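Visitor: Based on the sequences and whatever the hints tell you, model everything.
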Amino acid sequence: MARAAKSALVLCMDVGFSMSNSPPGEEPPFDQAKKVIQKFVQRQVFSESKDEMALVLFGTDATKNPLDQDGQYQHITVRRQLMAPDFELLEEIENHVRPESQQTDCIFSLVAVGLFIQVKKYDRLNIVLLTDLSTQVSSDNLDVIIGNLGKLGITLQFFFPFPMEEEEHNEEGGGGDGDGDRRGSSRPGVGKGLSREQKQGLEMVRDIMLSLDEDEGLDQVYTFSEAIEQLFMFKHIERRPMAWPCQLTIGSSLSIRIVGYKAVTDEKLKKMWITVDAQTSKRDDVKRETVYCLDDDNETEVQKDDTIQGFRYGSDIVPFSKVDQEQMKYKHDGKCFAVLGFTKHDSIHRHLFMGSQTIKMFAPKDDEHAGVALSALIQALDKLNMVAIVRYAYDRRCNPQVGAAFPCIKQTYECLVYVQLPFMEDLRQFSFPSLENKKFTPSESQLAAVDSLIDSMMLVEEDENGQKEDMYKVHEIPNPAFQRLFQCLHHRAVNPGTPLPTMEQWLKDALERPSAISERCQAPLEEMKRKFPLKAVEKKKELKTGAQIFGKGSAEPDAKKSKVDEEEEEFNLAKISEGNVTSVGSVDPARDFRSLINQKSLPFGEVCQQLTHRIEQLLSNRSTHYYMKCITCIQTFREQSVKLGNADLYNSYLQSLKKSIPNSGLQVFWDLLVQGMISLFIGEEKKEVETEPAVDDAGDVDDLVSVCLNSSALKYLMFVS
Amino acid sequence: MAEWNAFYQNEEADEEQEEGEESAVNYKVTGRDSLVFLVDASKEMFIKGEDGEPSNFDITMQCVRSVYTSKIISSHRDLVALVFYGTEKSKNPRNSFKHVYVYHDLDEPGAKRVQDVEALRGERGARLAADTMGSGEVSLGDALWCCSNLYSDIKLRLSHKRLMIFTCMDQPHGGDSTKDRQARTKAGDLKETGVVIDLMHLMKPGGFDVSLFFCDIVSPPEDESELGLQVEPCGKLDDLQKRVQAKQQKKRAMARLHTVIGMNVAVGVYANAVTARKPSAIRLYRETNEPVHSKTRTFHTQTGSLLLPSETRKVYGNRQIVMEKDEVDTIKKFYDPEIFLIGFKPMEKLKLHHHIRPSVLLYPEEQQVTGSSCVFAALLKKCTEKKVFAVCRYTPRRNYPPRFVALVPQREEVDESNVQVTPPGFNAIFLPFADDIRKLDTPQFPTASDVQVDKMKEIITKMRFKYRSDAFENPVIQQHYRNLEALALDMLAPESIEDFIMPKVEQIDRRLGPLVDEFKELVYPASYNPDSKPAAKRKTADAGGGDEKKPKVEIPEAELRAHIKNGTLGKLTVPVLKEACKQFGIRTTGTKKQELMDALIAQMAK
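As they're listed, the protein sequences go chains V and B.
The opening residue of the first sequence carries number 2 in our numbering; numbering runs sequentially from there.
The opening residue of the second sequence carries number 9 in our numbering; numbering runs sequentially from there.
Quick caveat, the hints were computed from the structure, so don't treat them as lab data.
Small disclaimer: the values here were computed from a predicted structure and weren't measured.
The reader is advised that the hints may include incorrect statements.
Unchecked claim - Chain B residues, not near chain V, derived (Cβ > 10 angstroms throughout):
id: 1; residue: PRO404
id: 2; residue: PRO431
id: 3; residue: VAL584
Said to hold, decoys possible - Computed list of lysine-lysine pairs in DSS-like fashion (alpha-carbon distance at most 27 angstroms, straight line):
id: 4; chain 1: V; residue 1: LYS660; chain 2: B; residue 2: LYS163
id: 5; chain 1: B; residue 1: LYS340; chain 2: V; residue 2: LYS269
id: 6; chain 1: B; residue 1: LYS106; chain 2: B; residue 2: LYS187
id: 7; chain 1: B; residue 1: LYS163; chain 2: V; residue 2: LYS269
id: 8; chain 1: V; residue 1: LYS269; chain 2: V; residue 2: LYS288
id: 9; chain 1: V; residue 1: LYS366; chain 2: B; residue 2: LYS465
id: 10; chain 1: V; residue 1: LYS440; chain 2: B; residue 2: LYS394
id: 11; chain 1: V; residue 1: LYS345; chain 2: B; residue 2: LYS470
id: 12; chain 1: B; residue 1: LYS359; chain 2: V; residue 2: LYS263
Unchecked claim - Every beta carbon over 12 angstroms from chain V, so not counted as near; a handful from chain B, in silico:
id: 13; residue: ASP86
id: 14; residue: GLY133
id: 15; residue: ALA134
id: 16; residue: GLY214
id: 17; residue: LEU360
id: 18; residue: ASN574
id: 19; residue: PHE592
id: 20; residue: ALA613
The C-beta atom is built at its ideal place from N, Cα and C for all residues, glycine as well.
Guide: Laid out in structure tokens, this is it:
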């Protein structure tokens, strides 16, 4: 979206004599300041920001500025006029900004800057000054300075190597608003006392800032180290999010004018990586092309124009042209923020928020009536602990959404916060085995260990004043992916041909656990390790194959398995009517076999023999009906073997059966057995039953499928997701 | 100190990890579902109810059709079959069973099948059924045996096997004990091969007595507390007829990571909800409607030779900063895949508006590291008790920059019938970085007075409802499926959908009654009309939005020539230039202004 007005930023850096002084072992202020500037310019360049930028150096040996007359405004060099930041600016900073030996009155120089920067049609102009304030400053022109800056609508930001005032740092961002509180922990910056000049300079800065903005003026004063890590302080000069004016409607006749702004969104890089030819590095030399081929032996290519689109409908593909699709698709009336109803706040689950953004809805700036009406809604929702469920459509081309509008009341403003909610089709209603399982229930001492671990790792603690201090604010960490990318691009640009640098230390540190926590949690961690035995299961080769997939019941709660057993043993009417079983008959050999084993009247071996005999007999018929029966028999054989913990007979029978298959022409039967019904050997159920390698060879494992005994896994309406 | 080391369970396949099939464990389902409808076709099924109510057969066909159409959308890979028993004629694979008519073999459902079933509905359907199959002797045993053959003929891996019997006869064999026994035996066999048998008993004068026969046929209830055998004529039918058109999602982990505090606790990562989109289109060859597949290749424009990945490099943006491909990957790499615990924070520190993407659910992977579940359960318990969440650094894959997540404990919840409503686990809520938060100018307004707020409270109370996250269907997707169905089944018009996210304006108005005017009186002055200004604005926005409404910008040829002559062609806008190109029948490949101008100048020079 094009925007007429632009922002402009003037970076003023003191490169004078004192900036390169530092106590041994500490980084000179000059280096720090240069880093801040590089970081910021980097960011602007690589995101291809259109906001213009100028660079002015104070304390240079030479003088180069439009006001250079009569020995006034000496030692000020305009390195770069206001223009869009580009790659050359980065190079210039890298190569031409170096410590020099003069001194200027920095505050006074600001006036010069204010004068010679032509204030064109910028909708905001910001001047940033990086200095150590070591020069004598004169307070004579203070009023003039303030007056001028105020008139031109210029805002100021100051960066010093030391904190403005120690006490300031105890302040905690009021109201608990995540966006508002921006003070990090007080940095162990320059602890040494400040010189007279510096103190005097600070006084003046304070005067200036407070007269420009009484309330928040001092918020715009930072230390170098803060700036390097938290570039978000530059945010307030970044472009404003697009406004989305609309009306909130309740029914047909109540509407409130609102304006929406994206407040939080998953920010992506603006530019993409492009593939180029390795030799020429030219983009145009590489072309990607997509061709369409028929599924025949020659893979005959067809022109894109000769293809149409279709969609799958079951086993069919239905041709459905783009035109038809457009004609028949769901259409709606466009932009919309309509209330469907109101519901309890706690019926909205945080983990079911959808989309990649939250939008804040305000009343339009100039419309007080809308403001009051919206305020009434926000206050009422907040008091009742309710939220509005709304239909939201960005515009006619976008699909409508369902979402929730939460009331949000801060000290300085009120708004509605809109978040998208899921459609029925979006939900993945998976169920997982309960963890309230005897096997997993932690003991009291285990719970105690977790308890002390949590206590030792609390990131939010009350200090002596009862103020809660959060020592790890994720929303103040810059996205490391961006930082790292900019660092590498910058490096590659300035030092072509050299390997990429390692990650910067501050960034590494920012992503780690705070050191205080690491120390504190050491002992509880050791205790955890002692209390919870963990054992990595060796990776099995077949992990992806059948054996694992169908390893039903390995960790399945035991309760279910035993239930299955019970079911098998329960009486049924058929059994009663059958009377006593004395041998394995041919009508239902499997059942007879089971009954015989349960009766224990005959030795296991003999019953097995009877059964295998019966199987051979049935198989000799070479008919699918009988194959089914045999499979049932084999399955029962297996199941009973597992139950009795005696697999030898079963295994050896199957082995011999397998051997006999090629000669007996029973391949069909064997395929049936293997592919659909039974996992041949007993791996998981009982340890004591060893897997027989002869049968369970690699070729078969993939195909074996265990019997799905676990009927409880079958949900009634399996087609209802 | 020891870290939360992470490892991938199949390192070599981690590219596919994102979407790829996962090796599943017990509670994850693979393979296809299968469903056999076994429908009684005896005369009793065709008897119409009083007052012209549809016959049981008709109801059944309606039911089968709706399951077919739902299956097609939700999981078209599943297999379904339709078998009639008690028919006069026989039709089954080897024709070894009498009075069993396999109407549809076990196979993926398609448009043809839906139409087949459709043909069996109503008056005409009954006649068709009588002609093709007729009614005859009943042998449920044979029918079941035939069904078991259907299953055994399938060479695919089946996860669920299910058989539904539709009948209105509680004694199908009229007391013939041999046949009864045979049926019981066969049912037993089927159940042992993992087939779940369900009874959908239909209305019968005098009531359907399940205990007479069918209690021995059907699979035992899943739960002791639940009476599997319903005495009421089947309520399940309603469920079957409910049309739900959502693509069924197989559960699979997006990543398997090792986490936690100095110990390798293995967890799987699952999506809670993923924005459903229309299924993607398939390209077809215009002549034959056969699907085509696409191949993408990278080649050199000068030489025309194909380029290997090693022969290319990457450039960022428009600047000439060149990197090798693997360098680009290294830049993205921070940590090995893991979930690294930073610490804990009280729940109230989790900001509602800090939302950047849908959350995921973590559940322990006992199969990878034994003991994981126990640590997990302990953490879950303690975090819930202490009302804290864990802040973690989350690296789902290699070469993936980290994000931070808040692990919010979620205890298991079950409903009255002991079915899990909410699974146990930690929800990982993604936290924004500084870059993701935008600074807004916040306009300030006077806050509303108590009277105004109270009036609004009344309005809110009138419009209360109980929100359920599965209550809203996506009208865009539903419409698409209906359209597709209409095309596939040669219907005259697609079935209409209900737009659940449309406010029910009339009902709201009725409910609120005078409240709206009262509220408006309290907050708006008489002259104020909230609809006026934006209404005007909206018009322009709409006009800008619709492409087809753009006025045609044509330019006379003389003027164009004048521009070319004076070299002022650049003054014209791109749409004007494009239109001019069209006017003169110039085919332009580019959309850049210069390209358009060049093409025009070339054309005019002719």
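Visitor: Check the hint pairing LYS366 (chain V) with LYS465 (chain B) against an upper bound of 27 angstroms on the C-alpha distance.
Guide: Distance of about 25 angstroms is within 27 angstroms: holds.
Visitor: Classify the label on PRO404 (chain B) as holds or violated, using whether its beta-carbon is more than 10 angstroms from each beta-carbon of chain V.
Guide: holds (13 angstroms)
Visitor: Taking C-beta pairs only, is PHE592 (chain B) more than 12 angstroms away from all of chain V?
Guide: Given a closest Cβ separation of 23 angstroms, the condition holds.
Visitor: Does the no-contact call for LEU360 (chain B) survive, Cβ to all of chain V over 12 angstroms?
Guide: Nearest chain V Cβ is 6 angstroms from LEU360 (chain B), so the label is violated.
Visitor: For LYS340 (chain B) and LYS269 (chain V), compute the direct alpha-carbon distance and say whether it is at most 27 angstroms.
Guide: At roughly 14 angstroms apart (the allowed maximum being 27 angstroms), LYS269 (chain V) and LYS340 (chain B) satisfy the hint.
Visitor: Please work out if LYS660 (chain V) and LYS163 (chain B) have their alpha carbons no farther apart than 27 angstroms.
Guide: holds (22 angstroms)
Visitor: Just want to verify: GLY133 (chain B) was marked as not at the interface with chain V; is every Cβ pair farther apart than 12 angstroms?
Guide: With a cut-off of 12 angstroms, GLY133 (chain B) remains clear of chain V, as the shortest Cβ separation is near 21 angstroms.
Visitor: Taking 27 angstroms as the top limit, are the C-alpha atoms of LYS269 (chain V) and LYS288 (chain V) close enough?
Guide: holds (25 angstroms)
Visitor: Next pair to validate is LYS345 (chain V) with LYS470 (chain B); report whether the Cα-Cα distance is within 27 angstroms.
Guide: holds (13 angstroms)
Visitor: Could you check that no beta carbon of chain V comes within 12 angstroms of the beta carbon of ASP86 (chain B)?
Guide: violated (8 angstroms)
Visitor: Are LYS440 (chain V) and LYS394 (chain B) close enough, with their CA atoms no more than 27 angstroms apart?
Guide: Given pair LYS440 (chain V), LYS394 (chain B) holds - Cα atoms ~24 angstroms apart, limit 27 angstroms.
Visitor: Would the least Cβ to Cβ distance between ASN574 (chain B) and chain V come out above 12 angstroms?
Guide: It holds; ASN574 (chain B) is separated from chain V by about 28 angstroms at its closest Cβ, greater than 12 angstroms.
Against the hints set out earlier in the document, violations occur for numbers 2, 7, 13 and 17.
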